[in-house]
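Asks: Listed below are the residues making up each chain.
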Amino acid sequence: MKKMKLVLIGNGMAGVRTLEELLKIAPDLYDITVFGAEPYPNYNRILLSPVLSGEQNVEQIILNDLEWYAKNGIKLHLNKTVVKIDRTAREVHAADGTIESYDRLLLATGSLPFILPVPGNDLPGVIAYRDIRDTNEMIAAAEHHTHAVVIGGGLLGLEAANGLRVRGMQVTVVHLASWLMDRQLDLIAANLLQKSLEARGIDFRLGTHTEALLPNADGSRVGTIRFKDGQKIPADLVVMAAGIRPNTTLAEAARIHCSRGIIVNDTMQTFDPLVYAVGECVNHRGSVYGLVAPLFEQAKVCANHLAEFGIARYSGSVTSTKLKVTGIDLFSAGNFMGGEGCEEITLSDPLAGVYKKLVVKDDKLVGACIYGDTADGTWYFKLLREEKNIASIRDVLIFGESNIGDVGHEGHNKAAAMLDSDEVCGCNGVNKGAITRAIQGQGLFTLEDVRKCTKASASCGSCTGLVEQILMNCLGTSYSETPKKKAICACTDASHEDIRIAIRENKYLTQAAVRAGLNWRTPSGCASCRPALNYYLISTWPHEAQDDPQSRFINERAHANIQKDGTYSVIPRMWGGLTNVSELRRIADVAEKYNVPTVKVTGGQRIDLLGIKKEDLPAVWQDLGMPSGHAYGKSIRTVKTCVGAEHCRFGTQLSMNMGVELEHMLFGMYAPHKVKLAVSGCPRNCAEAGIKDVGVIGVDSGWEIYIAGNGGIKTEVAEFLCKLKTDDEVKEYSGAFIQLYREEGWYLERTVHYVQRVGMDYVKQRVLVDHAGRHALYERLLYALKDAPDPWKDFERAGVDLKQFEAITLATT
Amino acid sequence: MPNHEWKLVARKTEIPVLGARVVSGAHAGPIAIFRTLDDAIFAVLDHCPHKGGPLSQGIVHGQSVTCPMHAWTIGLEDGCAQAPDQGCARSFNVKCVDDDIYLQQAQLVES
Chain A
0 MKKMKLVLIG NGMAGVRTLE ELLKIAPDLY DITVFGAEPY PNYNRILLSP
50 VLSGEQNVEQ IILNDLEWYA KNGIKLHLNK TVVKIDRTAR EVHAADGTIE
100 SYDRLLLATG SLPFILPVPG NDLPGVIAYR DIRDTNEMIA AAEHHTHAVV
150 IGGGLLGLEA ANGLRVRGMQ VTVVHLASWL MDRQLDLIAA NLLQKSLEAR
200 GIDFRLGTHT EALLPNADGS RVGTIRFKDG QKIPADLVVM AAGIRPNTTL
250 AEAARIHCSR GIIVNDTMQT FDPLVYAVGE CVNHRGSVYG LVAPLFEQAK
300 VCANHLAEFG IARYSGSVTS TKLKVTGIDL FSAGNFMGGE GCEEITLSDP
350 LAGVYKKLVV KDDKLVGACI YGDTADGTWY FKLLREEKNI ASIRDVLIFG
400 ESNIGDVGHE GHNKAAAMLD SDEVCGCNGV NKGAITRAIQ GQGLFTLEDV
450 RKCTKASASC GSCTGLVEQI LMNCLGTSYS ETPKKKAICA CTDASHEDIR
500 IAIRENKYLT QAAVRAGLNW RTPSGCASCR PALNYYLIST WPHEAQDDPQ
550 SRFINERAHA NIQKDGTYSV IPRMWGGLTN VSELRRIADV AEKYNVPTVK
600 VTGGQRIDLL GIKKEDLPAV WQDLGMPSGH AYGKSIRTVK TCVGAEHCRF
650 GTQLSMNMGV ELEHMLFGMY APHKVKLAVS GCPRNCAEAG IKDVGVIGVD
700 SGWEIYIAGN GGIKTEVAEF LCKLKTDDEV KEYSGAFIQL YREEGWYLER
750 TVHYVQRVGM DYVKQRVLVD HAGRHALYER LLYALKDAPD PWKDFERAGV
800 DLKQFEAITL ATT
Chain B
0 MPNHEWKLVA RKTEIPVLGA RVVSGAHAGP IAIFRTLDDA IFAVLDHCPH
50 KGGPLSQGIV HGQSVTCPMH AWTIGLEDGC AQAPDQGCAR SFNVKCVDDD
100 IYLQQAQLVE S
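Each protein sequence line maps, in turn, to chains A and B.
The first sequence begins at 0 in numbering that gives the first Met the number 0 and counts up by one.
The second sequence begins at 0 in numbering that gives the first Met the number 0 and counts up by one.
Simulated from the structure, these hints should not be mistaken for lab results.
There's no promise every hint is true.
Sample of chain B residues facing chain A (criterion: CB under 7 angstroms; computed from the structure) [unchecked claim]: (1) T12; (2) P15; (3) R20; (4) V22; (5) S23; (6) G24; (7) G28; (8) P29; (9) L36; (10) A39; (11) I40; (12) P53; (13) T65; (14) A80.
Note that the Cβ used here is the ideal one computed from N, Cα and C, for glycine as well.
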């Protein structure tokens with residue numbers, strides 16, 4: 000079949016990103032031709048500022064080199080400006096006479112700088128700040144001239160001013176409005192910004208109209224700028240950064256409907272169904288976007304429709320701003336000016352140079368404007384985009400809650416303050432410099448990109464917040480997919496929630512049924528979705544859905560914990576941390592018989608035998624004669640106890656007994672993630688119940704129940720749920736909470752994250768207020784765990800494949 | 000020349016679908032034999048190019064396996080890591096006749 004022809008006009012970031020997305024999903028659908036007016040392949044326009052300030056060079060900001068175009072069979076016309084679109088003949092004409100015909104046309108013509116209509120605006124030395132040529136001209140001017148004037152005190156103007164100042168010029172910024180960055184900042188933040196830029200030697204003239212640009216003495220280039228008030232200052236270089244407007248010249252000439260941009264619908268289609276448009280040239284639902292994040296979202300949607308999938312929709316973006324001037328930290332997003340029905344929360348410490356303003360409406364964060372301490376910018380932006388209800392955290396909102404783990408990155412929580420040599424990711428040993436270099440050198444835009452290329456934040460995720468900050472500092476905006484519904488993996492568009500609902504409502508009992516019902520793109524899923532699907536099936540339909548061991552991680556398949564050398568660790572269960580002479584003797588015998596190199600007491604009050612060969616596992620289990628400790632699973636782990644009233648002179652309750660009962664109740668329970676409990680016999684809390692998924696603390700009059708604590712990456716203190724009288728109540732209430740988590744938690748989500756997602760009020764409603772509901776949850780837990788097999792003993796019922804423990808050995812080779 | 004011969008190493012029915020078994024004792028090292036959903040058989044050295052993890056213990060999906068150690072995804076056909084990770088585990092020629100799986104004698108002795 001003959002391929003269709005796709006022509007892209009505009010070789011910039013939005014257009015080429017669309018091609019990349021298209022090639023990913025439909026590599027063979029089109030013969031692709033690209034027109035670019037500049038002589039360069041696609042480069043990262045965001046990074047022109049670091050090029051201007053000398054932190055990077057042009058080669059480093061190329062995103063797709065010529066080889067990429069060749070490899071993907073893309074015909075590239077560089078340095079050719081398209082002058083006409085003939086929609087009747089479906090042809091595109093370039094200035095040099097090149098003609099290409101199309102079946103689909105993609106317009107990504109970007110924007111044009113707004114050039115002030117003043118006399119002298121065409122003199123040499125008067126430029127805009129849009130592309131590599133402008134940047135090179137500024138760099139050249141800085142070498143030979145002294146006085147620079149930047150017209151426009153917005154994002155672009157200030158970055159230009161800073162770059163020129165760094166290159167040694169005397170820089171004056173002329174701005175029409177009465178404060179800087181009036182589209183992104185309020186007066187207070189703008190004043191702080193102005194002060195710190197003045198400290199760098201940049202002059203400002205605010206509320207100032209430019210009247211004319213006058214030539215220098217020999218008339219060779221601009222020499223002076225004159226303002227409306229008659230004042231003049233020298234200007235060897237004038238940079239117009241007073242705004243941009245969508246470049247619609249070509250589209251308008253071709254009679255494609257435009258109005259402040261090329262009008263597109265939610266599929267990025269223009270009024271001509273064969274013509275699509277993306278990027279800064281586009282007006283979508285009345286908004287024109289100039290930041291990279293929305294453009295990339297548009298690119299993804301457009302590619303979906305060009306590929307004839309026809310299912311994606313673009314519904315607009317919320318954007319945030321960050322100035323890319325090294326050493327200056329400011330962030331703004333949403334409606335930061337407030338207005339009717341809005342309330343403002345502010346924190347201002349002028350001496351420390353810190354200012355924060357949050358705008359709240361109807362219990363939701365709708366805007367933020369921060370100067371000086373933007374570590375929480377990404378967190379605020381997330382709250383804003385996801386329209387989270389912030390009522391319960393309103394009193395502490397202004398102090399931020401950096402979503403950063405407590406350990407693994409030397410205690411840093413502000414990326415901007417870190418040195419290049421400081422370690423960001425303690426798991427994979429990645430320092431800040433390596434991440435910055437990768438973002439800039441390899442053209443990364445998303446957290447996923449950084450994880451793939453540098454491994455930072457790819458293991459435990461504790462440094463994710465720092466990496467997001469670094470991305471934001473480098474790119475000036477944080478790019479993340481519209482997060483309301485995130486696909487579980489690349490195999491599908493369905494989210495965790497979609498999958499859980501579909502399994503429940505359609506009574507899917509097999510993974511094949513789920514994959515067929517939710518249009519999986521892969522026949523056997525991947526290592527991310529398979530374990531999740533398996534858990535969702537067996538937790539939703541216990542005793543009905545079939546467990547699939549091949550969809551479980553090796554630890555749950557071999558019922559032992561794989562170690563770095565390929566041997567396994569074996570941890571037998573000791574109910575409530577209690578053991579006896581006979582068990583200890585058998586453990587000692589096993590350690591001796593199998594030459595176990597390491598025997599260790601675990602944090603969960605039991606004994607770990609490390610370095611066991613896989614072939615030996617069944618024999619070890621048999622010799623131990625103890626139940627599986629499930630120390631390897633997304634499952635109930637341990638119930639840690641203190642000795643309690645039985646021995647302890649302070650004990651008020653029989654904590655050991657309570658712990659043993661809870662552990663028996665939960666035996667064999669799989670969950671979205673591991674589940675740990677603890678029972679203490681008095682408020683001294685020796686069992687550390689405050690950092691467990693469920694913590695039970697004995698007091699004289701009964702038991703206090705705490706939930707959703709965590710002692711891992713980020714220490715999270717468990718929250719008080721309720722106070723109970725009897726042991727049976729403790730079992731019912733804690734069981735009901737755990738079952739709620741089992742039914743609604745997303746795979747690999749710990750209880751703390753589950754409760755943060757749904758809210759403590761919701762959990763209280765389900766477990767405390769709704770008595771019948773609590774009882775039903777508890778009953779469902781008991782039903783699911785009825786006759787739970789011991790995988791170390793009851794191989795057949797537990798579905799353990801014993802063949803895996805037999806080695807196949809070649810006789811002779 | 001016996002080295003051109005194929006050597007019977009395992010039976011298909013001994014390997015779970017979307018799973019693997021390890022053949023040890025070859026001079027080349029431990030060899031993981033994989034079985035995919037569509038019943039194709041592949042043989043790759045049981046040693047992840049990243050840090051030597053046992054690929055045979057990973058989750059098999061499509062024509063790939065994800066290493067249990069640090070989740071590198073390795074193509075079963077050529078033994079190579081999926082981008083941006085780089086490196087390859089040695090892959091072996093496989094012949095299947097009915098239920099029988101054969102590897103090449105010459106490849107087994109080569110280290």
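Asks: Take the hints in turn and mark each one as holding or not.
Replies: Each hint, compared with the structure:
no.: 1; hint: T12; verdict: violated (10 angstroms)
no.: 2; hint: P15; verdict: holds (6 angstroms)
no.: 3; hint: R20; verdict: holds (6 angstroms)
no.: 4; hint: V22; verdict: holds (5 angstroms)
no.: 5; hint: S23; verdict: holds (5 angstroms)
no.: 6; hint: G24; verdict: holds (4 angstroms)
no.: 7; hint: G28; verdict: violated (11 angstroms)
no.: 8; hint: P29; verdict: violated (9 angstroms)
no.: 9; hint: L36; verdict: holds (4 angstroms)
no.: 10; hint: A39; verdict: violated (12 angstroms)
no.: 11; hint: I40; verdict: violated (14 angstroms)
no.: 12; hint: P53; verdict: holds (5 angstroms)
no.: 13; hint: T65; verdict: holds (4 angstroms)
no.: 14; hint: A80; verdict: violated (12 angstroms)
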